[in-house]
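Peer 1: Sequence:
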Amino acid sequence: MKWIVFIILLITFALLDAGNALNYIALGGTNIRPAMLLILMLFFAINCERHTAILVSFAAGFMADAAGLTVGPHIVAFGIIGYVASTLQRDMVMQSYVRQCFTILIIGAFALAGVRGLMMLKPDLQTASNLTALIGTIIYSAIAGPLVWTVLTWLSPLVGIDRLRSNRI
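Read in order, the letters of the sequence shown correspond to residues 826 to 994 in this note's numbering.
Hints listed in this document are in silico derivations from the structure and should not be mistaken for laboratory results.
Check before you lean on any hint, since a few could be wrong.
[To be verified] Here are the simulated distance ranges between beta carbons:
no., residue 1, residue 2, range
1, Pro982, His876, 17 to 27 Å
2, Thr978, Ile850, 32 to 42 Å
3, Arg915, Trp828, 30 to 40 Å
4, Trp979, Arg924, 15 to 25 Å
5, Asn955, Pro982, 35 to 45 Å
6, Leu852, Tyr922, 19 to 29 Å
7, Asp987, Tyr908, 19 to 29 Å
Beta carbons: idealized from backbone N, C-alpha and C, even for Gly.
Generate coordinates for the entire structure from the input sequences, incorporating the hints supplied.
Peer 2: And the structure:
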């Protein structure tokens with residue numbers, strides 16, 4: 826793994842999540858956008874070796890926390906979900922777009938629900954617990970996931986992933 830290139834990619838995705846670039850494709854008044862760092866974390870958790878996948882998951886969680894309102898919930902949720910995804914990577918075949926959508930939908934639901942649950946434990950944080958926005962983000966991430974996955978597949982040799990595990994039969 827080429828860590829410098831990965832860090833640049835991670836910062837780019839964090840800026841997309843935190844910035845206004847995704848507002849152009851946001852849906853509704855609740856600003857429903859795809860969770861780019863979730864898709865990035867899932868791609869690397871499935872395609873890297875286990876120890877690298879866990880490090881990448883925690884790094885993506887840290888960047889999601891840095892781009893968001895609180896520090897902590899994304900690190901914990903992304904770390905746990907990244908560990909589970911890296912453990913199950915032998916069983917996950919992400920060759921078709923439908924499987925990518927379904928996997929992002931299921932894992933995204935667990936990850937973002939975990940983040941939301943951890944954020945609700947902090948009583949002084951005033952966040953709207955909008956279930957519609959959470960479900961919308963999960964579905965939007967699942968729909969946008971294959972496009973982002975394709976871009977990450979093209980960039981994977983630059984990051985140092987020579988053989989993708991997600992494209993095996």
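Peer 1: Give a verdict on every hint.
Peer 2: Hint check results:
One distance hint, 17 to 27 Å for the beta-carbon pair Pro982 and His876, holds here, with the actual separation near 21 Å. Take Thr978 and Ile850: their Cβ atoms lie about 21 Å apart, and the range 32 to 42 Å is violated. Between Arg915 and Trp828 the beta carbon distance is about 25 Å. The supplied range of 30 to 40 Å is therefore violated. Range check, Trp979 to Arg924: Cβ separation about 19 Å, and the 15 to 25 Å hint holds.
A C-beta distance of roughly 40 Å is found between Asn955 and Pro982, which places it inside the suggested range of 35 to 45 Å. Between Leu852 and Tyr922 the C-beta distance comes to about 20 Å, which sits within the given range of 19 to 29 Å. Between Asp987 and Tyr908 the beta carbon distance is about 23 Å. The supplied range of 19 to 29 Å therefore holds.
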